[in-house]
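**Student:** Sequence:
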Amino acid sequence: MSQLQLDSAQIDRARESARRIARNVFDEMSQFTTTTVERATLRLLGVDGVDENYVPLPNRLVSHLQEQNLLQHGSAWIVAGAMLEQGLSAQGVAEAVAAGTLTLTSPKDGAAARCKAEAEAQSRCEQIAGQRNYRAAEIKSNGGEAPTPWLYLIVATGNIYEDVTQACAAAEQGADIIAVIRSTGQSLLDYVPYGATTEGFGGTYATQENFRLMRTALDAVGKKLNRYIRLTNYCSGLCMPEIAAMGAMERLDMMLNDSMYGIIFRDINMKRTFIDQFFSRMVNAYAGIIINTGEDNYLTTADAYEAAHTVLASQLINEQFAYLSGLQPDQMGLGHAFEIHPELENGFLWEIAHAQLVRQVFPDACLKYMPPTKHMTGNIFKGHVQDTLFNVVSTLTNQNIHLLGMMTEAIHTPFIQDRFLAIQNARYVFGTMKDLNSEIEFKRGGKIELRAQEVLAETEAILAQIEQTGLPAAISKGTFAEISRTPTGGKGLDGVIAKAADYFNPFPALMLKGGL
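All residue numbers for the sequence shown refer to this note's numbering, where the first residue is 1346 and numbers rise by one.
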C-alpha cells in the first residue's frame, strides 16, 4: 500500500520533544532506587523462596536492609559483602536473615564486595543471554514463526494448569502468542506470590513457577506444531522489575511494560513507576523480550477520535523511555486500538488513518494492535463484525502483534470456543486479504490522509506543551486518558529511596554495556 503523505520534519520535531521529555524524567529519577528494584536485583543474584509465613525472601531481605538503614547503598553491595564474610550464597544470606541468625552491616571490604556483586551479576547475565540465544535457536529449528500480524490470544482461568490446557489448544488452533492474564489486583500487591497457583480471579497469578510451567508446555506444543509459540505476561504494577527478572530467567518472549499505565490506571505513584519501568525495561531489553505498551487503554476512558493524538504522543514518549533502557525498535510493541464508536460516520476510514499513521511514524517497531472492547455489546453477531473490520485494518496497515477480538467480550470471560471463532475469523481475513495492502493506494488529499495529518499536527503541539510543563505536570492535568494523577499521590511512594553517594548496582553497567 502506498504511504500517506506526512511531514517528516514534523515527525522529527515531535520525536525530539518526546526525547527531551523522557530524558528529563530519567535524569530526575536516576538519583532514586525503589524497594522493588532492590528486590529484583536480589532475585537476579539468586534469592528466591518464602519464609515460614510465606513472605517472599526478597521482601524479607529488603525490609531488613531498610531497618538497618542500608538499602540506600544498594542491596547487591551489602549482600555480596555478607556472602564473602559468611561464606554463603545470596540465598543463604536471605535464609539466615529470615531465620534471625544474621544481621547485615556495611561490608568490611567494600571493593571486594563490589567485585563479588559484579561476578554474581555477570553469571546471571550469562544465564539470561543463554535463554535469549536458546529462543533464537528454537525459532530457527522449529521452522521459524508465523508471518505478522501474529495472533495474540489470552488465557485467564485463574488456574495455571487450566491455563496450560487452554494455551496448548489455542496454539494448535493457530494462535502465535499466548498471553496469561494476571489475577485481578496483582498489580497492587507489593510482593510476588510464590509457586504454582490455582485460585486467581479473572486471571492467574504471575509467579516464576507459573512462568516455568507455561513455557515448558508451549515449548512442547511448539515442537509438535513445528513453530515457536511466544509467551506473554504482565510486567506492570508495584512489582514491575521483579516480574521482568523472573520473565528473563524463564524465557518469556513478551511483557506488558508501559511507562505510564500504572500511574494512570492503577494509581501507582509516578516516581515509583518511572524508576521501576526503567529497570524492568532494561532487563527485558537484555533478555530479548518484546515489550507491549498500554496506549490502547486510553481509549477506554477517552474518546478514540478526539483523543487520537494523545495515543501517538504517548507512543513517542514510550519509545524514548524504551531507548533509555536499551530496547531496540523491534522490541517495542507500541500499543493502539480499534476503538472508534461504530456509529461514527466514516469511522472505518479514521481507524485506517490512525493505524497507518502509527505504522509510518514507527516503521521498525513491533506494533501491538488491540481489538474493539469499549463499544462491544451483548449483540455477539455485531461484535463479530466489529472484530472482522478490526482484522481488516490490522492486515491492511501491517501491524505486528494482533490481539484477537472476542464476540462475547461484553458478556463473560470468553470460552475456548469463542477463542476458536476469533482465530478462524482472523485467519480468514489475513489469508483472503494477504496482499491487499500492496494492491491499493491512498488518495492524495483524501479523507484518510487529511485525518492522519491532523492527528500528527495535534501530536506535535501537545508534545511541545508537555516539554514546557514537564511530564508529571501533564499527567496531573489529565492529559492522557482524561485521568489526573499527582507526583505525590498514589501507591508505593514509601518504596522510593534516595541513593547514597556510594550506591552500587552491578546490573545496569552489564545490561546496558556501560550504562548511560
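Derived by calculation from the structure, the hints in this document are not laboratory data. Don't take every hint at face value.
[Unchecked claim] Subject to a maximum C-alpha distance of 30 Å in a straight line, what follows is the list of computed DSBU-like cross-link-like pairs (lysine-lysine):
| no. | residue 1 | residue 2 |
| --- | --- | --- |
| 1 | Lys1719 | Lys1836 |
| 2 | Lys1719 | Lys1792 |
| 3 | Lys1792 | Lys1727 |
[Said to hold, decoys possible] Quick list of simulated restraints, FRET-style, between CB atoms:
| no. | residue 1 | residue 2 | range |
| --- | --- | --- | --- |
| 4 | Asp1675 | Gly1723 | 21 to 27 Å |
| 5 | Leu1433 | Gln1769 | 53 to 59 Å |
| 6 | Gly1540 | Arg1368 | 38 to 44 Å |
| 7 | Glu1397 | Leu1838 | 27 to 33 Å |
| 8 | Arg1772 | Ser1829 | 40 to 46 Å |
| 9 | Ser1486 | Leu1433 | 27 to 33 Å |
Cβ coordinates follow ideal geometry from the N, Cα and C atoms, glycine included.
**Student:** State for each hint whether it applies.
**Tutor:** Now the hints, each set against the structure:
Using a Cα cut-off of 30 Å, the hinted pair Lys1719 and Lys1836 holds, with the two alpha carbons roughly 27 Å apart. Among the hinted pairs, Lys1719 with Lys1792 is consistent with the structure: their alpha-carbon atoms are about 25 Å apart, no more than 30 Å. For the given pair, Lys1792 sits about 26 Å from Lys1727 by alpha-carbon distance, which is consistent with the 30 Å threshold. Against the hinted window of 21 to 27 Å, the Cβ-Cβ separation of Asp1675 and Gly1723 comes to about 39 Å, which falls outside the hint.
Restraint check, Leu1433 to Gln1769: a C-beta distance of roughly 56 Å satisfies the suggested window 53 to 59 Å. Separated by about 40 Å at the C-beta atoms, Gly1540 and Arg1368 satisfy the suggested range of 38 to 44 Å. At roughly 30 Å, the beta carbons of Glu1397 and Leu1838 sit within the given window of 27 to 33 Å. For Arg1772 and Ser1829, the Cβ-Cβ distance of about 42 Å falls inside the hinted range of 40 to 46 Å, so the restraint holds.
Taking the beta carbon of each, Ser1486 and Leu1433 are about 40 Å apart, not inside 27 to 33 Å as hinted.
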